[in-house]
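4 protein chains.
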Amino acid sequence: MEINGVQIEDTFAEGFPIKVARVQITAVTERWALEAAREATGFGTSVIGCSAEAGIECIVDGSRTPDGRPGVNILICNMGYKNLEASLMNRLGQCVLTAPTAAAFSGMPEAEKQFDTGKKLSFFGDGYQKQLELFGRNVWKIPLMSGDFVIEQSFGAVDGIAGGNFLILGQNQMAALTAAEAATDAIGKLEGTITPFPGGVVSSGSKVGSRYKFLKASTNTAFCTSLREDGVCTLAEDVSCVYEVVINGVNRDAIQQSMKSGINAACRVPGVLKISAANYEGKLGTHQFPLHVVLE
Amino acid sequence: MEINGVQIEDTFAEGFPIKVARVQITAVTERWALEAAREATGFGTSVIGCSAEAGIECIVDGSRTPDGRPGVNILICNMGYKNLEASLMNRLGQCVLTAPTAAAFSGMPEAEKQFDTGKKLSFFGDGYQKQLELFGRNVWKIPLMSGDFVIEQSFGAVDGIAGGNFLILGQNQMAALTAAEAATDAIGKLEGTITPFPGGVVSSGSKVGSRYKFLKASTNTAFCTSLREDGVCTLAEDVSCVYEVVINGVNRDAIQQSMKSGINAACRVPGVLKISAANYEGKLGTHQFPLHVVLE
Amino acid sequence: MEINGVQIEDTFAEGFPIKVARVQITAVTERWALEAAREATGFGTSVIGCSAEAGIECIVDGSRTPDGRPGVNILICNMGYKNLEASLMNRLGQCVLTAPTAAAFSGMPEAEKQFDTGKKLSFFGDGYQKQLELFGRNVWKIPLMSGDFVIEQSFGAVDGIAGGNFLILGQNQMAALTAAEAATDAIGKLEGTITPFPGGVVSSGSKVGSRYKFLKASTNTAFCTSLREDGVCTLAEDVSCVYEVVINGVNRDAIQQSMKSGINAACRVPGVLKISAANYEGKLGTHQFPLHVVLE
Amino acid sequence: MEINGVQIEDTFAEGFPIKVARVQITAVTERWALEAAREATGFGTSVIGCSAEAGIECIVDGSRTPDGRPGVNILICNMGYKNLEASLMNRLGQCVLTAPTAAAFSGMPEAEKQFDTGKKLSFFGDGYQKQLELFGRNVWKIPLMSGDFVIEQSFGAVDGIAGGNFLILGQNQMAALTAAEAATDAIGKLEGTITPFPGGVVSSGSKVGSRYKFLKASTNTAFCTSLREDGVCTLAEDVSCVYEVVINGVNRDAIQQSMKSGINAACRVPGVLKISAANYEGKLGTHQFPLHVVLE
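Protein chains in written order, with our numbering: chain A, 1 to 296; chain B, 1 to 296; chain C, 1 to 296; chain D, 1 to 296.
What the hints contain is simulated information worked out from the structure, not anything from laboratory work. Among the hints, a few may not be true.
Which copy? The list can't say, so a pair holds if one copy fits it or any two copies do.
As the list claims (entries may be wrong) - List of simulated lysine-lysine pairs, DSS-like, C-alpha gap at most 30 Å: (1) 207 with 119; (2) 274 with 141; (3) 283 with 120; (4) 216 with 130; (5) 120 with 260.
The task is simple: from the sequences and hints, build the whole structure.
This is the structure in structure tokens:
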């Protein structure tokens with residue numbers, strides 16, 4: 001299979017179940033909504049060493065937010081609901097309650113699983129917080145020095161999927177990186193997914209295990225082109241760089257759509273030689289995304 | 001005292017000791033260095049609910065980085081050295097090692113306190129990591145799918161100060177917010193300090209204690225203008241909004257310089273009525289920054 | 001009439017006929033498409049002193065561009081078709097042909113009026129230019145040092161409208177300015193219009209005529225709050241600043257939709273006191289946009 | 001000669017005399033100063049088809065501007081002083097006078113050549129303009145709907161140089177483009193120069209003359225890699241893309257410093273094969289910049 005002359009390997013991405021909450025952050029301008037969203041989703045690449053996997057899902061205009069102001073949807077992901085609740089408390093409490101002109105609404109009001117994060121954070125009002133119905137939502141109004149902070153009482157979450165991915169094999173580093181940027185541009189326009197790594201791109205794809213007992217994951221040596229002389233690199237000679245785009249999403253369809261759009265975008269960048277995907281031969285993950293099926 | 005017609009209250013900001021590490025992140029372009037820096041310093045507003053207080057200190061051009069590439073200096077702050085070491089491990093490991101084309105160098109090579117973060121992260125190379133001298137620095141080279149990651153062996157840290165601050169009292173919310181933006185513009189050009197809150201601005205200044213046993217800090221009711229009718233707001237009638245700029249720094253001088261530049265910038269924005277500062281009457285913090293001394 | 005507590009004056013915006021061409025610029029990433037678009041639409045606020053009125057209409061993803069790459073739609077406006085043809089030649093030849101990885105496609109392939117700008121620019125290829133069908137479009141391929149430049153043979157244009165507008169009256173400058181930013185955020189998401197002034201906002205609304213023979217337009221003295229003591233300012237006492245948002249569009253509907261979205265956004269910013277519009281009592285323009293009708 | 005393994009060809013860039021004015025634009029925040037500066041310098045790549053060559057020189061903080069607000073320095077260049085005066089009138093009048101919160105100061109108060117652009121634009125005040133001394137400058141205050149516009153009476157200009165340049169030869173397009181971005185990052189930090197093309201980069205380097213009588217410049221066929229089969233491309237086989245960085249500056253030293261910094265930055269990007277420069281064998285330009293001398 002080929003797209004725009006780029007070979008698509010017949011392999012699959014392997015994903016894992018994860019819990020996902022969507023929060024809609026609004027602010028006086030899109031720029032201030034983005035500031036809050038970036039702070040709230042930072043230090044959120046992988047649950048291996050971060051308290052959550054988090055990212056900006058998409059920008060939404062005032063016609064799609066409860067208060068009519070510009071907004072940014074973010075997704076916050078954790079392996080279990082208990083950790084997810086802690087993430088919501090800490091990330092909304094520290095990074096959205098504190099953000100100029102921000103408000104926080106649930107992006108999953110219909111979800112079965114609900115956390116009363118808004119209620120818990122409302123105690124910051126020291127008795128002056130007030131529960132009310134606003135814009136058809138059940139919210140808390142917390143007086144702040146800069147005005148009132150509005151936060152929805154409950155935030156919903158669903159069973160989602162982490163680890164959707166594809167690999168971009170390039171003639172050199174800049175070709176692969178620009179293709180990754182083009183891919184995350186495209187994915188950033190879609191709903192239901194995030195690319196939680198820095199700028200949406202992973203520079204350090206890993207394999208399961210290592211030669212050290214204390215380390216459960218290590219660099220994917222078979223794909224390290226600087227290890228050609230060591231005989232461990234299995235990549236074709238013309239490939240000199242591999243970037244990975246990792247995608248978390250609210251469901252299987254959202255991830256498939258983002259993989260498709262991202263790969264199509266990447267294949268339009270000159271110097272991209274091949275698209276592949278990362279998996280563990282199906283031993284670990286429960287969700288498989290075969291590239292040839294996704295791209296149909 | 002007045003600056004540009006804005007009254008400067010005769011009060012002081014109250015700061016606390018904190019441990020501070022500086023990391024210099026370089027990348028192929030300034031934009032990619034910023035992506036890594038933003039991810040590494042995100043979810044880092046206050047140690048109350050974040051694993052660290054972190055922010056971008058300043059941008060540095062290639063003439064001031066070990067590898068001659070564009071760079072961004074970040075500061076990471078924790079209450080103790082043990083937590084700071086964990087922050088360095090997690091934030092550099094998850095957000096810089098994973099960031100496209102990034103490298104990480106110590107921004108405090110002369111500091112007495114040193115952490116061997118680079119050495120510890122190098123095990124990700126699964127035996128193929130190599131220690132070498134590069135650009136006059138003792139670094140590790142870790143093979144990645146996208147190329148080699150270079151990280152300095154040791155990262156230094158010093159005793160710094162958190163909680164430098166000033167308050168901007170505005171005729172309305174947008175005047176105070178724009179002044180806060182102008183202030184963080186100015187502070188962002190200076191070395192030695194960060195403004196760790198979203199966009200550099202705190203919307204939710206707090207007081208110590210609350211009416212709830214489980215909550216140690218709550219909204220600063222005396223400065224909440226929506227509580228005027230409740231009789232708890234002590235602000236003048238013409239003030240309708242207060243934003244706070246919180247500054248962490250490597251030492252007293254750096255914080256004073258940033259307070260001075262920030263306040264001067266804020267006082268040039270129309271609609272700013274008064275500058276004040278947050279303190280706990282000297283009961284808690286060990287560092288006092290009197291506004292009239294700082295602005296001399 | 002009121003929106004969110006902000007009074008909407010019962011008046012109308014007065015627009016004028018103008019010729020409008022849409023160009024779709026694509027590039028390897030959205031960022032590079034934006035660089036080309038910004039250069040091509042710069043120095044394009046008013047035909048009084050600029051060679052055209054120009055601006056970014058909206059961002060389009062790869063699913064909506066001929067070559068599947070990310071794109072930016074721009075509108076270029078002139079009083080007559082002759083000037084518009086010259087603008088297309090100069091702005092595409094100097095700012096898009098020269099822009100890294102850019103391509104230029106017609107955004108109005110169905111329009112009756114067509115200019116063969118692509119054909120004319122193709123001579124830059126010095127005999128090596130080639131006409132071909134690509135992506136279902138009739139294009140020229142011009143060899144460049146950095147690769148081939150693709151440009152459509154013909155660019156369409158239509159009879160549009162300039163001078164759609166509304167005025168934001170604020171308690172102070174920052175309230176009115178932030179509201180103008182929120183308005184242009186909203187308008188920037190819509191198709192068919194641009195806000196050609198710097199950052200989408202006009203700081204210097206004008207009246208027809210002046211006391212000088214050589215000057216056909218001058219500052220709108222009746223709305224200058226610094227002229228209160230001179231007795232020429234007719235604004236209410238509580239207003240201290242007025243910003244104008246000027247909108248050009250491909251037709252009446254597009255302008256009405258953008259006025260509606262922009263005004264709704266502006267009315268959500270605290271410190272906005274009133275919305276009005278600029279007109280010349282119907283003496284000059286042929287298009288009237290009554291605010292109360294537009295906002296129905 | 002080599003830098004970081006990249007060959008530096010023993011050739012020279014050829015520049016031409018041009019007239020250069022520097023304008024310092026200040027605004028309430030750096031962001032608004034940048035909006036004004038971008039609009040004022042847009043559609044300004046080459047005097048072949050633009051009314052001026054213009055660009056952002058550098059960002060300056062409040063400690064270096066007359067009014068203590070954040071600022072952006074721009075350079076505007078024309079072949080003669082008469083055209084330069086017209087450019088100042090139109091670009092400041094249409095893009096800075098109209099820009100929210102902007103003010104305009106001369107960046108060359110000591111220059112021998114001075115234009116009374118501020119005085120001429122002041123008539124927009126319709127008799128209410130006032131001349132006064134402010135911040136030690138001789139300025140005009142023009143009442144606007146959004147507040148008063150402050151502009152210096154006179155703007156200075158000097159004999160500068162256009163066409164400083166270097167060429168980046170890359171293994172592929174993305175390597176050369178990223179290197180060009182890194183170069184313009186570096187040059188953007190320096191004073192005295194601009195890179196007037198889109199994003200600072202030229203995709204369409206030209207040669208003098210063409211096979212068409214009406215066209216005085218055409219694509220540099222000898223460097224077009226898509227013309228290899230036509231036998232006109234003289235580039236080495238491994239080169240597949242060439243980007244040019246063109247630099248205008250206030251004097252010879254400024255251009256040399258920017259060429260040096262830009263080339264050094266470009267040579268740190270993987271996939272860059274060679275640095276060269278564009279000249280006309282000394283037949284046209286009066287300023288020669290030999291790469292080996294510049295890089296000493």
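Going down the list of hints, with the structure as the test:
1. Within a single copy, residue 207 and residue 119 get their C-alpha atoms only as close as 42 Å, which misses the 30 Å cut-off; across copies the closest is 20 Å, which meets it.
2. Only between protomers do residue 274 and residue 141 lie at most 30 Å apart by alpha-carbon distance; the minimum there is 26 Å, versus 52 Å within a single protomer.
3. In this homomeric assembly, residue 283 and residue 120 come within 30 Å of each other (Cα to Cα) only across copies, at 29 Å, whereas the closest approach inside a single copy is 40 Å.
4. With identical chains, the CA atoms of residue 216 and residue 130 are at most 30 Å apart between copies only, with a shortest distance of 20 Å across copies and 47 Å within one.
5. Taking the shortest alpha-carbon separations for residue 120 and residue 260, neither the intra-copy value of 40 Å nor the inter-copy value of 37 Å comes in at or below 30 Å.
Consistency note: the structure conflicts with earlier hint 5 alone.
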